[in-house]
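This is what each chain is made of:
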Amino acid sequence: MSIFVDEQTRLLVQGITGRDGSFHTRQMIGYGTKVVAGVTPGKGGQVFDGVVPVFDTVADAVRETRANTSVIYVPAAVAASAIFEAADAGIGLIVCITEGIPVLDVTRVLPFLHERGARLIGPNCPGLISPSKSKVGIIPGNICQPGRIGVVSRSGTLTYEIVHQLSTNGMGQSTCIGIGGDPLIGTNFIHCLSAFHADADTDAVVMIGEIGGTDEQQAAEFVQTTMTKPVVGFIAGQTAPPGRRMGHAGAIISGSSGTAAEKMAAFARAGIAVMKRPADVVPLLKERM
Amino acid sequence: MNLHEYQARDILRRHGIPIPPGEVAETPEQAREIAQRLAGKEGGGRVVVKAQVHAGGRGKAGGVKLAKDAAEAGEHAARILGMSIKGLPVRRVLVTPAADIASESYVGIIVDRASQRPVLMVSPAGGVDIEEVAAKSPERIHRQAIDPRYGLLAHQALGLALKLYREMPQARAAADIMQRLYAAFYAVGASLMEINPLVTTPDGTVAALDAKIVVDDNELERHPEIAALRDPSAEAPSEVQARQAGLTFIKLEGSVGCCVNGAGLAMATMDLVKYYGGEPANFLDIGGSSNPQKVVDALRIITADRSVRSILFNIFGGITRCDDVANGIVQATQQFPMKVPLVIRLTGTNEALAIEILTKAGFSALTDMDEAVKQAVAKARAA
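From first to last, the protein sequence lines are chains A and B.
If you're matching positions, the first sequence starts at 1 in the numbering used here and goes up one per residue.
If you're matching positions, the second sequence starts at 1 in the numbering used here and goes up one per residue.
Calculated from the structure, these hints are not laboratory results.
All figures in this text were calculated on a predicted structure; none of them were measured in a lab.
Beta carbons are placed, not taken as given, at the ideal position from N, Cα and C, and that holds for glycine.
Errors might be hidden in some of the hints.
As the list claims (entries may be wrong) - Chain A is nowhere near these chain B residues, computed Cβ spacing over 10 Å in every case: (1) Arg-13; (2) Ala-171; (3) Asp-176; (4) Ser-191; (5) Asn-218; (6) Ala-227; (7) Ala-234; (8) Ser-238; (9) Thr-248; (10) Lys-274; (11) Gln-334; (12) Met-369.
Unchecked claim - With a cut-off of at most 27 Å between alpha-carbon atoms, the simulated DSSO-like pairs for lysine-lysine come out as follows: (13) B:Lys-136 - B:Lys-68; (14) B:Lys-212 - B:Lys-274; (15) B:Lys-212 - B:Lys-65; (16) A:Lys-276 - B:Lys-274; (17) A:Lys-276 - B:Lys-374; (18) A:Lys-276 - B:Lys-251; (19) A:Lys-133 - A:Lys-276; (20) B:Lys-374 - A:Lys-286; (21) A:Lys-286 - B:Lys-274.
For reference, chain A alone in the conformation it holds in the complex (with noise of 0.2 Å):
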């Protein structure tokens, strides 16, 4: 098994024929994924790269080819406008890769899909993979694995690193998800870490965390009061400046409050081993499995 997406995951991309949406679209039909259907408002009728038929609405995709997740590569200043849209006909898993979707905007999306009862990864996130499965967003499938280990994370690359060194040793994963780096996310780490909890091919879990906010502590809490498999975790930012946005918009030190400093101690409050640097994390898992 894994979590959110693998072989029953029916795709429908928002956004297929933009620079980035056709690119990623081609990397995901290349590593397998069920590409059924894109979106583009005014292409509707054509058919991309001669496989995935186009259309003017996600109504009409999910009544068409029965999509069940979408993925979105829209503009920032139109992405809120897809999740609804998305939402709205029926799509029960919404992953929004945009990055730069006014705060605001996800204030109003959010519940909108809590009364639909959908699922929204992101927004300003990579996506997530099920090696061997499906790969929905940018993860690079090749630096992935199939195994047992689950890895959540608030970041692009740095997951991209962590999960390089556990495909190089050996540890292959059951999901790879990356939840974004925005202040208002629509799954965090305790959404994902009780999925790897039920999920009986996960083993242990990796969450790598960053500076901004309390989500880590609260995940850290769950962890220690709900879980039962080892969990390893990173928290990025504990050079970082107090007031200033660290790339991400979420990523910043307010006052005093979602330091590195902070939110690692509660890591290891919760049992969670706690990784120093990246490098740490193959040794850890190993001696916690």
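With chain A fixed as given, assemble chain B onto it according to the hints.
Positioned in the frame of chain A, the structure of chain B alone reads:
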């Protein structure tokens, strides 16, 4: 993006929030002239001269002064306009009539990450740093999460206003201000709005004396009128240059210059520099796209920092192609001389091609992150 106090006051005033008059001066003469014009009516000729910089603690730093008349306002302005607060030079002052204040409260809106909603916060302990109140007497802060589908409801606003004022007319006035503040919050795309202090005067009037607005950078494209309020003179020149080049750059105090793709990896790289005994000179994320020009721009900004003793590249190629980064490095070294050693680590997409490009140009490249960081720290030390 931070707005200056005078800009924030203009926005709130346009949304119907009562704000005392005030004008901006760039010279002592202007300040004197404004003081003369404004202070005649009320306050017995007294005015307040306030530094307009993006820094907290202006009062403590001597950037806010009460003047008994226009002449003194000019003298204060002359002093404040010459000073720097937390490293930021003061180029403008706001001159407002001094108000008689009966009480000071705090009203603010933030987007709360835990509840994923805007939250209105009020406190009867106004006029001081709200973080201090939160730390020392959290029971004096009252909160209301707002459902964006319905907005701030009248009874919610009045409920909070009654935590500030016992008199119903004042509570109603404050509730009206809160609803206008919430409307302004969404209208400009703010991530923070504060009125601190919200004051009452001896005659019972409720008014906003100071205002702070932080706008979500992601909103600027759809609000060009707000984007136009940006004051580049209030930011470090290297950061302005980086923003124009499409890079995220934050200057730090150390000697190891860092150039990384992706914010999380950039932070982890800085942390690893520290882990191996060095100090990062900056945070720099060249972003996900692969464009050699971005690398050239990044190197130009890093090399302009005289405290940089070595430069570390850490690239994990995904969407970013390692060969594009390699080409950028080679182009940069052709355009301007590299006075400090470069340590290059790249792995991932087109790694082999990148190493070939770099080797031909006389550089060596590593594939292991720890090894690269160790070398960069050692080279910064030796320099």
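Taking the shortest Cβ-to-Cβ distance between B:Lys-274 and chain A, state whether it exceeds 10 Å. Violated, because the least Cβ-Cβ distance between B:Lys-274 and chain A comes to about 5 Å, which does not exceed 10 Å.
The output says B:Thr-248 does not contact chain A. Does that hold with a beta carbon cutoff of 10 Å? With a cut-off of 10 Å, B:Thr-248 comes too close to chain A, as the shortest Cβ separation is near 5 Å.
Do the alpha carbons of A:Lys-276 and B:Lys-274 lie within 27 Å of each other, as the hint requires? 11 Å, holds
Holds or violated: A:Lys-133 with A:Lys-276, Cα cutoff 27 Å? With Cα atoms ~32 Å apart, A:Lys-133 and A:Lys-276 exceed 27 Å; violated.
Taking C-beta pairs only, is B:Gln-334 more than 10 Å away from all of chain A? 27 Å, holds
Going straight from one Cα to the other, do B:Lys-136 and B:Lys-68 come out at no more than 27 Å? 35 Å, violated
Hint consistency between B:Lys-374 and A:Lys-286 [alpha-carbon to alpha-carbon, up to 27 Å]: With a Cα-Cα distance of about 25 Å, the restraint between B:Lys-374 and A:Lys-286 holds, given a limit of 27 Å.
Going straight from one Cα to the other, do A:Lys-276 and B:Lys-374 come out at no more than 27 Å? 15 Å, holds
Report holds if the minimum CB distance from B:Ser-191 to chain A is greater than 10 Å, and violated otherwise. The claim breaks: B:Ser-191 does not keep its Cβ more than 10 Å from every Cβ of chain A (closest is about 6 Å).
Interface exclusion of B:Arg-13 relative to chain A, criterion Cβ beyond 10 Å: 22 Å, holds
Hey, does B:Asp-176 actually stay past 10 Å from chain A on C-beta? 22 Å, holds
Least C-beta distance from B:Ala-171 to chain A larger than 10 Å: Given a closest Cβ separation of 27 Å, the condition holds.
Checked against the numbered hints listed earlier, the structure breaks hints 4, 5, 9, 10, 12, 13, 14 and 19; every other hint is satisfied.
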